[in-house]
Amino acid sequence: MTDANPTIRTTLRAEPAVPVSGARIAVLVIALAFLIGAPFFVYPIFLMKLLCFALFACAFNVLLGYTGLLSFGHATFFGGAAYFTAHAVKEWGLSPELGILVGVAGAALLGLIMGYFAIRRQGIYFAMITLALSQMFFFFCLQAKFTHGEDGIQSVPRGHFFGLLDLNDSLSMYYTVTAIFVGGLFLIWRFVHSPFGMILRSIRENEPRAISLGYSVARYKLGAFVFSAALAGLAGAVKALVFQFATLTDVAWQMSGEVILMTLLGGIGTIFGPIFGSALVVGLGNYLATTGFPVTIITGIVFMVCVLVFRRGIVGEINATRLAQKLGLADRSSG
Amino acid sequence: MTQVSVERAVSSEPRVVLSARGIRKDFGGFSAVRNVDLDVHHARVHALIGPNGAGKTTVFNLLTKFLQPTAGTILLMGQDITRTPPDKVARLGLVRSFQISAVFPHLSVLDNVRVALQRPNNLAHQFWRPVSALDTLNRRADELLGLVGLTKERDRLAADLSYGRKRVLEIATTLALDPKVLLLDEPLAGMGQEDITVVANLIREVAKTRAVLMVEHNLSVVADLCHFVTVLQRGEILAEGDYETVSRDPRVRIAYMGTEEA
Amino acid sequence: MTMIFGIPLPALLGQLLIGLINGSFYALLSLGLAIIFGMLRIINFAHGAQYMLGAFSAYLLLTFTGIGYWGALILAPILVGILGVVIERLFLRRLYGLDPLYGLLFTFGLALTLEGTFRYFYGSSGQPYAAPAALAGGTNLGFMFMPNYRGWVVVASLIVCIGTWFLIEKTKLGAYLRAATENATLVQVFGVNVPVLLTLTYGLGVALAAFAGVLAAPVYQVSPLMGSNIIIIVFAVVVVGGMGSIMGAIVTGYLLGIAEGLTKVFYPEASSIVIFVIMAFVLLLRPAGLFGREA
Amino acid sequence: MAALLDIKGLNAWYGESHVLHGLDMTIHDGETVTILGRNGVGKTTTLRTITGIIRSRKGQIRFDGKDMLSVPLHRTAHHGIGYVPEERGIFSSLNVLENLMLPPVVGKNGMSVEDIFELFPNLHERRHSPGTRLSGGEQQMLAIARILRTGVRMLLLDEPTEGLAPVIVQRIGEVLKKLKERGLTVLLVEQNFRFASRVADRFYLMDHGQVVSEFPVGELPDRMDTLHHVLGV
Amino acid sequence: AASDGKVKIGILNDQSGVYADFGGKSSVEAAKMAVEDFGGKVLDVPIEIIDADHQNKPDIASNIARQWFDTQQVDAIMELTTSSVALAVQAVAKEKKKIDIVTGAATTDLTGKQCSPYGFHWAYDTYALAVGTGGALVKQGGDSWFFLTADYAFGYSLEEQTSNFVKSNNGKVVGSVRHPLSTTDYSSFLLQAQSSGAKVVGLANAGADTQNAIKQAAEFGLTQSGQRLAALLFTLAEVHGLGLKAAQGLTLTEGFYWDRDDESRKFGERFQKRTGKMPNMIHAGTYSAVLQYLKAVQKAGTDDTEAVSKVLHDMPVDDVFGRGGTVGANGRMFHDMYLLEVKKPEESKKPWDYYKVLATIPGKDAYMDPKKSGCDLVK
Ligand SMILES: Nc1ncnc2c1ncn2[C@@H]1O[C@H](COP(=O)(O)OP(=O)(O)OP(=O)(O)O)[C@@H](O)[C@H]1O
Ligand SMILES: Nc1ncnc2c1ncn2[C@@H]1O[C@H](COP(=O)(O)OP(=O)(O)OP(=O)(O)O)[C@@H](O)[C@H]1O
Ligand SMILES: [Mg+2]
Ligand SMILES: [Mg+2]
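Chains as they are written, first to last, in this note's numbering: chain A, 1 to 335; chain B, 336 to 597; chain C, 598 to 892; chain D, 893 to 1125; chain E, 1126 to 1504.
What the hints contain is simulated information worked out from the structure, not anything from laboratory work.
Note that CB positions come from ideal geometry on N, CA and C, so glycine has one too.
Among the hints, erroneous ones may be present.
Calculated pairs, SDA-like style, for lysine to any residue (alpha carbon to alpha carbon, straight line, at most 25 Å) [as the list claims (entries may be wrong)]:
| # | chain 1 | residue 1 | chain 2 | residue 2 |
| --- | --- | --- | --- | --- |
| 1 | E | LYS1238 | A | TRP189 |
| 2 | E | LYS1497 | A | SER155 |
| 3 | D | LYS900 | D | ARG954 |
Incomplete in silico selection of chain C near chain E, CB under 8 Å [stated by the list, open to error]:
| # | residue |
| --- | --- |
| 4 | GLY611 |
| 5 | GLN612 |
| 6 | ASN619 |
| 7 | ALA731 |
| 8 | PHE740 |
| 9 | MET741 |
| 10 | GLY858 |
| 11 | LYS861 |
| 12 | VAL862 |
| 13 | GLU866 |
| 14 | SER868 |
| 15 | SER869 |
| 16 | GLY889 |
Input sequences plus hints: build the corresponding full structure.
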């Protein structure tokens, strides 16, 4: 294993489980209150978009932050699920919850296939393989009939959630999305801080040792990969319902780059970092759209600055401050 | 060093648990290991010594399947493991340590041991349960840490331990799996004298109920601890027998021990 | 006429040759990537953008100074190489010793910025650039009409590839570079000025990309996006060849170019993904790549 | 004898942590000097500070009369200092021969490749293998051999016997004696006390980043008690 | 009267991405020219133009569209480059009962299955391109065709529609080859086209793909050997990027050419002063769309969507772009299209003198009959 790199373990390091402190609970309560009240101040559809991307970034972070694997192909799961859900709801007439299920299952399946190939290698090889495979999927989507090429699947009906909640009402849509987001986030948190997550961490720390302890490393990595793919799919599926379309932009490799940026900006290996990161990226994209300043240049510069001076990301930097450590918001290892 | 320890474990049932026949490993044109036959017995400490580059670590890698042998067969408790992947071999009860210390640096000492305990206790796959589910392992983990004298360091990060202590931790982790056969690659290298004594005694203790195969350059420990010695040179077996026999062999003295008394 | 799989032999030969031309670009680009990765442990995502910069420099040299193709073939790689040197000095060197992922992410951002900038100033539809008069026209090879310029592309890329390979694998300089990859401090202790070496290496890799860019300018549209289209394919080439293997990068570049060319004849719909499919198979059968060094 | 290496009041830091606290040391031309000390007292750090790998340092280091503090890292070797690190530093992407030929020749009395292969026949046999495919002992030999070719005047050797078979340790001892005959100055860091006592002219005993005592090989028997106490040998 | 004291038009297009040259910032200029030409005020309230760069992302576009409609009192959105964006925004506009006029996207779905009572398609569509290049070129003698088709829905529909016209004009299609999107090297395909012996090689692709194919066709001497190259979606901006040397002899269809007559030249020159380049059909189309919208508001006497839409459907178009144009029940605007050939470098007398007009296709022939469009607004 010549590409094992010793620095990966020290620079991409995750927070260990920490006993819940008072300050943490306070932060959570405030966040929840904010989520509930937000649509009365901010544009709901923008909020929903934000939540979808935040969930996407968090799912991505499971892989990068907690397994040490940089996937450059996560758009496949995000955009793929969006297509599956859109198709299931529009063409098969499935209800939204079943549509989402189809999207998630599809993304998990894609994750299984891509993961099967990619986990054979580590580090940047892994990144490049996922990139190449997602490019294959892009071409598949481009050419497949059901995606309608560059038009995309349009006018996807939102329907009624569990036959009750009318999602065409933007508030009920918003609270549905919020519930899914919170649920997804909880799943991620639980996954990362579970016995399984513990094994993942040990693999990231020292793979040969984990093997010698009898763990079939490939299966654990694959498990993490599929989990991350499925949740990215959840985000994509919900997004398809929110916007009522699924298009090629979500499966293009630029989207994979964007989610990396979100995670990097917010803080790799932190639970809440990607949320801030995605808020910034999405907000920036929207804001720059009307300023006339080219978005790609700004995005590129943000990327470079982040890597050069800001590697821990927003939440990572906050966690590293004395105050955060004192309040028990931060973890033990990042100080 | 001719003294024989009185404490040597009496081998109650010297059955063969790990056996290799005619194993060979070629790297390109170069064969690092050739025609090596080995029998490792239950309840005995078996030493593998030899000059640097003789192929000791390679033999370890072959036995634990970290390397695939070019030829030969390996049996673990009668089961053919020649084609078995390394993690499976570990699950069958053949566990190794590494020549260069192998811990999980950013886990606490306790967690290092708990990770090893997770699998035998069926706590490895649960992604839906909280980590606190692992607290049931604490008792056993603390026991193991106590055994190697790491109780004080229980909550420190493994990375913060000194080299010698890391090696001790590695042994505790290995023991956590309760292996049938234990392969130790230079377990005492880099340890201070106190640790050497602790660990040597520990090896002696655990060997009462399992087989141990170890590579070691510290000949006084080998003399003290091992029931059987195999000397490897240039990938082949040069001599075998108990320490006295082997150390008197002139070929071994020339190839390995040197002319002076070690 | 001899037929192979229902394709006349001459046509097949023609397609093989075309594949080789395509492969010339892949080889040059993957060579540069492999060098930079091999020495700096950085996946140079900006390689495509630097290829584009090469082509654009040729165009700019022509428009603003009147320097034509031949001058640009020398000057553009030097200019872009110098830019590479500056980038390495100012930024990349801060990333050495970190996880290589950071290098990848940084150069990704760099690529976005470079492409964005050119798109901002030159639009997305590109700029015209013509082949030099000496290489205009074509030759009838019997089985196909071969534009002279394409013949030159093959020759030029072969020369540069072999020259670079020799420099890295067969000279002392190459040994320094490879050693510095692993332990730069120690090589410095031995008395070698490693920082300068690394800077030059990055410059060289970037210059190779720019060289490919100038070669490409008369064939492909000189456009800000030309690099981002090709770079992912080149990544796949490098994975197939085995990262860090110079020879691997070159040979695989040509081979995959040919494979792609043939796919365009037999099953054109798949020509965009054939390289990725090959990559998947190679990974299954030889995870280290065709030429990778791994036990 | 002239002082070849003259160190006064040397302090060195790893980031915040202060490791060397005013170290004094003088090595004369042609001497073999061994630094003894327990794990972590700063022996390796001393060598790394002399070569300049550790840049946050204060005090005085003079080599052959020249101030070394301002010399950039890649010029140290050219002044005549060769370093064999604890972890050996064999390059895996280079084969044995390339590893051997890697350091530029900086002085005229370097050994020829033939001499080196005669001294280490193993290396000759494996000369085309990748460097790190050698066993630990072979790598150690290669690391020493590599510096001998360059013709430095002074060799800094960090624990050359760690993890080596007794017979090899013995060979390295012989090599060091031969080097001494050739007039090389050697500063050796060793934990293997028996080995050190065979090759050294003089000893420094270190503790807490300082030299705590210094004595010639002749005084060794009288000092055994202190050494027992400090080193646990 | 205007509902909120002003009439506000949003230009939503790609300003930094692959289609930036299609319309981009210059289209905003075109829109402003229309406002000026109209007099800056309508129904005594000021007219305001705002714009945004949708980066080719439908989600950003639909977000902006919603915000414009809901919080910024935008009355109509125009241009909407690329079909995924156009369809998404048209859906939003329909839901919000607001007007959208598409000039930047090609898909006929906008006035077909996904048509909207408030949605209009102004400049061109795949059908018109097919009629122009496919139908008109056969009449000029190009009666055997070989297609180089981008391997996705857009390419297929261009190829299919074009071959229909080729066939219905008694031409024949001798073959076709599909190439993946973003292919850089076309030589294999060009060789196949060459050996097919077809008189016309039709490029059913777009953007950089078309440009590369044309450039390499010149290299392989396709036109010298008597074949004719026809680009199905190509505009002046791209011809400019390619240069006449590579583009000469190319046939294509556009809905506008600045050097058509005095009126268009005057418009072109004004536009060039402001943007540095001559307008293509998208720029001119956006100009026309804005102007016509303002006229409709004026005529309806209100900016109410229903009323203005009705006027837009009924009122003939008469401006530099849409001379004698009419609007169908499905929102399609019918106007003349031009079959154009790119001049040789030596034929070009002045900057931007790029085209010879081979034929004019009257509006009623250029576009699909609304009855056949599949739009359920057409009874
Ligand atoms: N890279 C480093 N960063 C921070 N502290 C370090 C680093 N390397 C060594 N140290 C610390 O500096 C002190 C001296 O280390 P040094 O390596 O010089 O010891 P040594 O005497 O060579 O020990 P040994 O016999 O184990 O090799 C030790 O306490 C060690 O923990
Ligand atoms: N992956 C490999 N490829 C090629 N040669 C190898 C490889 N691994 C080991 N070797 C060679 O095989 C021989 C035996 O190596 P091994 O590491 O087994 O020695 P060892 O007996 O453990 O030595 P030491 O006591 O120094 O650790 C050495 O000459 C080494 O160079
Ligand atoms: Mg070994
Ligand atoms: Mg040391």
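Against the structure, the hints:
Under the criterion of a C-alpha separation no larger than 25 Å, the hint pairing LYS1238(E) with TRP189(A) is inconsistent with the structure, at around 44 Å. Among the hinted pairs, LYS1497(E) with SER155(A) is consistent with the structure: their alpha-carbon atoms are about 21 Å apart, no more than 25 Å. With a CA separation close to 9 Å, the supplied pair LYS900(D) and ARG954(D) stays within the 25 Å bound. Checking GLY611(C) against chain E: minimum C-beta separation of about 6 Å stays under 8 Å; hint holds.
With 8 Å as the threshold, the beta carbon of GLN612(C) comes within range of chain E, its nearest partner Cβ sitting at about 6 Å, so the hint holds. Against a cut-off of 8 Å between C-beta atoms, the interface hint on ASN619(C) holds, since the closest Cβ of chain E lies about 5 Å away. For ALA731(C), the interface hint is violated, since its Cβ never comes within 8 Å of a Cβ in chain E; the closest pair sits about 15 Å apart. Evaluation of the PHE740(C) hint against chain E yields a violated restraint, the C-beta minimum of about 10 Å exceeding 8 Å.
This hint holds: MET741(C) has a C-beta 7 Å from the nearest C-beta of chain E, less than the 8 Å allowed. The beta carbon of GLY858(C) is positioned within 8 Å of a beta carbon in chain E (closest approach about 6 Å), and the interface hint is therefore held. For the restraint placing LYS861(C) at the interface with chain E, the shortest Cβ-Cβ distance is roughly 4 Å, inside the 8 Å limit, so the hint holds. With its C-beta approaching chain E no nearer than about 6 Å, VAL862(C) sits inside the 8 Å limit, and its interface hint holds.
Taken as an interface hint, GLU866(C) checks out: its beta carbon lies about 5 Å from the nearest beta carbon of chain E, inside 8 Å. Taking 8 Å as the C-beta contact cut-off toward chain E, the hint placing SER868(C) at the interface holds, the least distance being around 6 Å. Taking 8 Å as the C-beta cut-off, the interface hint given for SER869(C) holds, the closest approach to chain E being about 3 Å. With its C-beta approaching chain E no nearer than about 27 Å, GLY889(C) sits outside the 8 Å limit, and its interface hint is violated.
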